[in-house]
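Undergrad: Could you put together the complete structure from these sequences and hints?
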Amino acid sequence: MFSNVKELIELSEVSKKSISEIMISKEMAATNKPREDIINKMLESLKVMENAIQSGIKGVTSYSGITGGDGKRMYDYLQNGDYLTDEIFIKAICYAISTNEVNAAMGLICATPTAGSAGVVPSVLFSLKDKLNLSEEDCVNFLFTSGAFGYIIANNACISGAAGGCQAEVGSASGMAAAAAVIAKGGTAQQAANALSLALKNMMGLICDPVAGLVEVPCITRNAAGAVNALCAAEMALAGIKSIIPPDEVIEAMYKVGISMPVELRETALGGIATTKTGEEIKNKLFGCNKCR
Amino acid sequence: MKYNSVFDIIGPIMIGPSSSHTAGAVRIGSFAREVFGKAPTAIKICFYGSFAETYQGHGTDVAVIGGILGFKTNNPNIPKSIEIAKKQGINIEFITSNDIAPHPNTAKLVISNDMEELTILGISIGGGSIEILSINNYDLDIKFNTKAFLLVHNKNIPKHYDINKFIENNNRNITIKDVSNKGVHNACLNVLYTKNNNNVNLINKIQDNNIRVIAIN
Numbered sequence: 529m530f531s532n533v534k535e536l537i538e539l540s541e542v543s544k545k546s547i548s549e550i551m552i553s554k555e556m557a558a559t560n561k562p563r564e565d566i567i568n569k570m571l572e573s574l575k576v577m578e579n580a581i582q583s584g585i586k587g588v589t590s591y592s593g594i595t596g597g598d599g600k601r602m603y604d605y606l607q608n609g610d611y612l613t614d615e616i617f618i619k620a621i622c623y624a625i626s627t628n629e630v631n632a633a634m635g636l637i638c639a640t641p642t643a644g645s646a647g648v649v650p651s652v653l654f655s656l657k658d659k660l661n662l663s664e665e666d667c668v669n670f671l672f673t674s675g676a677f678g679y680i681i682a683n684n685a686c687i688s689g690a691a692g693g694c695q696a697e698v699g700s701a702s703g704m705a706a707a708a709a710v711i712a713k714g715g716t717a718q719q720a721a722n723a724l725s726l727a728l729k730n731m732m733g734l735i736c737d738p739v740a741g742l743v744e745v746p747c748i749t750r751n752a753a754g755a756v757n758a759l760c761a762a763e764m765a766l767a768g769i770k771s772i773i774p775p776d777e778v779i780e781a782m783y784k785v786g787i788s789m790p791v792e793l794r795e796t797a798l799g800g801i802a803t804t805k806t807g808e809e810i811k812n813k814l815f816g817c818n819k820c821r
Numbered sequence: 098m099k100y101n102s103v104f105d106i107i108g109p110i111m112i113g114p115s116s117s118h119t120a121g122a123v124r125i126g127s128f129a130r131e132v133f134g135k136a137p138t139a140i141k142i143c144f145y146g147s148f149a150e151t152y153q154g155h156g157t158d159v160a161v162i163g164g165i166l167g168f169k170t171n172n173p174n175i176p177k178s179i180e181i182a183k184k185q186g187i188n189i190e191f192i193t194s195n196d197i198a199p200h201p202n203t204a205k206l207v208i209s210n211d212m213e214e215l216t217i218l219g220i221s222i223g224g225g226s227i228e229i230l231s232i233n234n235y236d237l238d239i240k241f242n243t244k245a246f247l248l249v250h251n252k253n254i255p256k257h258y259d260i261n262k263f264i265e266n267n268n269r270n271i272t273i274k275d276v277s278n279k280g281v282h283n284a285c286l287n288v289l290y291t292k293n294n295n296n297v298n299l300i301n302k303i304q305d306n307n308i309r310v311i312a313i314n
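These protein sequence lines are chains A and B, in that order.
Each residue of the first sequence is one higher than the one before, counting from 529 in this note's numbering.
Each residue of the second sequence is one higher than the one before, counting from 98 in this note's numbering.
Quick caveat, the hints were computed from the structure, so don't treat them as lab data.
Note that beta-carbon positions come from the ideal geometry of N, C-alpha and C, so glycine has one too.
Just so you know, nobody snuck in bad clues.
Covered stretches of chain A, going by a simulated chain B footprint (3 or more residues, C-beta under 8 angstroms): (1) 571–585; (2) 676–685; (3) 737–748.
Derived lysine-lysine pairs resembling BS3-like cross-links, with alpha carbons at most 30 angstroms apart: (4) B/177 - A/575; (5) B/99 - A/561; (6) A/813 - B/141; (7) B/240 - A/784; (8) B/184 - A/813; (9) B/244 - A/569; (10) B/177 - A/586; (11) A/561 - B/292; (12) A/569 - B/169; (13) B/135 - B/274; (14) B/169 - B/302.
Here chain A is said to cover these stretches of chain B; the calculated rule only asks that three of the stretch's residues, wherever they fall, bring their Cβ under 8 angstroms from a Cβ of chain A: (15) 146–158; (16) 168–182; (17) 195–204.
TA: Here it is, written out as structure tokens:
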């Protein structure tokens, strides 16, 4: 049906079907499962995402103990009302952090497309839900839309920090969320594709440098960056801004950048902030010099 | 296509913290358990690349053991899997290697009991998805557009079977490769490669003969 963004957009325009509808049809064809089962499965993921946010805003601490409570801090900040920007922006940050704190506490999350980037898509969805008056069906369609674009990125580039750096995880998630946000607002498929490109280009080259090898620092707060970058890209696309470089070429560029990244910057904790003085101290305090249990 | 389903992207629902280093690792362990067919008494895991550098922080060690114990990616007991395994009397060893690996997230699992031993080499390619690269040190080398199934049968069944009888005449779309560990008491393992899209009848015929069939990809 579609193997890249150009084909997906053309299919949507010619068939007059939404991207989420195209993804649902493709899933039915690939798995021979009835539509109802596929919708229900996505609904399950939606509920896990919502539960993770709800847990996170109450306050959780990571398994290692080095992070925790920032989701609650952002939630209290939101409730106080005395912030710089606006409610949607703060919610996006809050929900992204909350999800990834639950992840770091070895709690239950939905990988979107990965656990390290699990906060991005749900936070954009839930931060926009009230303003856009999204029904449960709209929310499920948001996930199918983001899934369609993620599916293309995963098959044409990569979605693991070890293979492509954080641009492949939080970057991809940000692109997926940006595209879905445009559609949720009533934008066109072409605008969604522009949002994807813009979001990916904004995160091109992002390295994976996890302190002590954990999915906490900078991962948790980077999910907040991925979420607001998605909102940024969606707004630009909806305003009519086009990506000069077409989406499939941006995805290919991301793939090549990932390959050319030194291994120290690809989820090995051998570069970036992982090897700062404080980063090394944290690692030694947690794991010492003996790696094996 | 490496990823075939939208639920490879939106999903899996899993215990954190890492889809590649936790959930993917559970799935590699699960595959080994499914092939071995029972809990082993000894497990030896070698991590390469990024797995080797970050396995503790990502829970890759508890994840692989959890998979071998039969846990799915969303099982809340994953963080305690090593304790649980040790209570069951399972001997566990982890080592790391600096050797060049096929992928940054590579694990070699050797699981055994007194009489049998199985070696699995798997990679976690991202988002929780995995690929099994070799079984008992035989490279699987699964080509594009090919489905691979592992056929497992206990050597002790009295009737010796000829796997070729399951393949219809003139069907050039199917090949078989023996990947058994040649030790005395090990199961017979054969990989069936097929370029056919619909393999339901073939699989049913094979299963009717008390042979277990496990999808590899």
